[in-house]
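A.B. asks: Numbering (the numbering used here) for the sequence shown: 7 to 93.
These aren't lab readings, by the way, just hints derived from the structure by calculation.
Just so you know, not all the hints are guaranteed correct.
[To be verified] Capping the alpha-carbon separation at 27 Å, the derived lysine-lysine pairs in DSS-like fashion look like this:
{"hint": "1", "residue 1": "Lys-10", "residue 2": "Lys-92"}
{"hint": "2", "residue 1": "Lys-92", "residue 2": "Lys-24"}
{"hint": "3", "residue 1": "Lys-81", "residue 2": "Lys-92"}
{"hint": "4", "residue 1": "Lys-10", "residue 2": "Lys-24"}
{"hint": "5", "residue 1": "Lys-8", "residue 2": "Lys-32"}
{"hint": "6", "residue 1": "Lys-18", "residue 2": "Lys-8"}
{"hint": "7", "residue 1": "Lys-92", "residue 2": "Lys-32"}
{"hint": "8", "residue 1": "Lys-10", "residue 2": "Lys-32"}
{"hint": "9", "residue 1": "Lys-24", "residue 2": "Lys-8"}
{"hint": "10", "residue 1": "Lys-92", "residue 2": "Lys-18"}
{"hint": "11", "residue 1": "Lys-92", "residue 2": "Lys-8"}
{"hint": "12", "residue 1": "Lys-8", "residue 2": "Lys-81"}
{"hint": "13", "residue 1": "Lys-81", "residue 2": "Lys-18"}
[Unchecked claim] Simulated restraints, written as ranges between beta carbons of each label pair:
{"hint": "14", "residue 1": "Ser-76", "residue 2": "Ala-17", "range": "17 to 23 Å"}
{"hint": "15", "residue 1": "Pro-30", "residue 2": "Val-90", "range": "23 to 29 Å"}
{"hint": "16", "residue 1": "Glu-91", "residue 2": "Glu-66", "range": "17 to 23 Å"}
{"hint": "17", "residue 1": "Cys-71", "residue 2": "Lys-18", "range": "30 to 36 Å"}
{"hint": "18", "residue 1": "Ala-37", "residue 2": "Lys-81", "range": "18 to 24 Å"}
{"hint": "19", "residue 1": "Glu-91", "residue 2": "Thr-20", "range": "19 to 25 Å"}
{"hint": "20", "residue 1": "Ala-87", "residue 2": "Ile-60", "range": "19 to 25 Å"}
{"hint": "21", "residue 1": "Gly-23", "residue 2": "Lys-92", "range": "38 to 44 Å"}
{"hint": "22", "residue 1": "Lys-18", "residue 2": "Lys-92", "range": "32 to 38 Å"}
{"hint": "23", "residue 1": "Arg-36", "residue 2": "Leu-75", "range": "31 to 37 Å"}
Note that CB positions come from ideal geometry on N, CA and C, so glycine has one too.
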Amino acid sequence: MKEKIPVIDFAKCTTCGKCVDICPEKAIHRAQNDSCARCIKYCISLTIPCKPDILHFDYENCTSCGDCLSVCPEKAIHWYAIPVEKK
């Protein structure tokens with residue numbers, strides 16, 4: 007059982023894709039965010055940030071090796087400790 011998993015802070019993530027490229031298990035991939043940019047034709051000032059590409063973790067394939075954390079230039083990926091069930 008995994009003790010920790012990598013989690014993306016989307017406020018910091020620029021979707022550069024370095025984590026996607028380095029992942030040996032291909033556990034991170036780009037997912038199209040279809041709902042993003044629907045409001046852009048109404049937003050004259052473009053004040054709403056839009057990220058049409060988002061990154062998705064496949065935790066079944068993730069081995070928690072940490073390569074994605076080390077390659078992220080924005081330090082947008084951090085460890086999340088999985089709570090251990092007490093018996």
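A.B. asks: Work down the list of hints and note, for each, if the structure agrees.
C.D. replies: Here is what the structure says about each hint:
no.: 1; hint: Lys-10 - Lys-92; result: holds (16 Å)
no.: 2; hint: Lys-92 - Lys-24; result: violated (37 Å)
no.: 3; hint: Lys-81 - Lys-92; result: violated (32 Å)
no.: 4; hint: Lys-10 - Lys-24; result: holds (21 Å)
no.: 5; hint: Lys-8 - Lys-32; result: holds (18 Å)
no.: 6; hint: Lys-18 - Lys-8; result: holds (25 Å)
no.: 7; hint: Lys-92 - Lys-32; result: violated (32 Å)
no.: 8; hint: Lys-10 - Lys-32; result: holds (18 Å)
no.: 9; hint: Lys-24 - Lys-8; result: holds (23 Å)
no.: 10; hint: Lys-92 - Lys-18; result: violated (34 Å)
no.: 11; hint: Lys-92 - Lys-8; result: holds (15 Å)
no.: 12; hint: Lys-8 - Lys-81; result: holds (22 Å)
no.: 13; hint: Lys-81 - Lys-18; result: holds (8 Å)
no.: 14; hint: Ser-76 - Ala-17: 17 to 23 Å; result: holds (20 Å)
no.: 15; hint: Pro-30 - Val-90: 23 to 29 Å; result: holds (26 Å)
no.: 16; hint: Glu-91 - Glu-66: 17 to 23 Å; result: holds (20 Å)
no.: 17; hint: Cys-71 - Lys-18: 30 to 36 Å; result: violated (21 Å)
no.: 18; hint: Ala-37 - Lys-81: 18 to 24 Å; result: holds (22 Å)
no.: 19; hint: Glu-91 - Thr-20: 19 to 25 Å; result: violated (36 Å)
no.: 20; hint: Ala-87 - Ile-60: 19 to 25 Å; result: holds (24 Å)
no.: 21; hint: Gly-23 - Lys-92: 38 to 44 Å; result: holds (39 Å)
no.: 22; hint: Lys-18 - Lys-92: 32 to 38 Å; result: holds (33 Å)
no.: 23; hint: Arg-36 - Leu-75: 31 to 37 Å; result: violated (18 Å)
Checked against the numbered hints above, the structure violates hints 2, 3, 7, 10, 17, 19 and 23; every other hint is satisfied.
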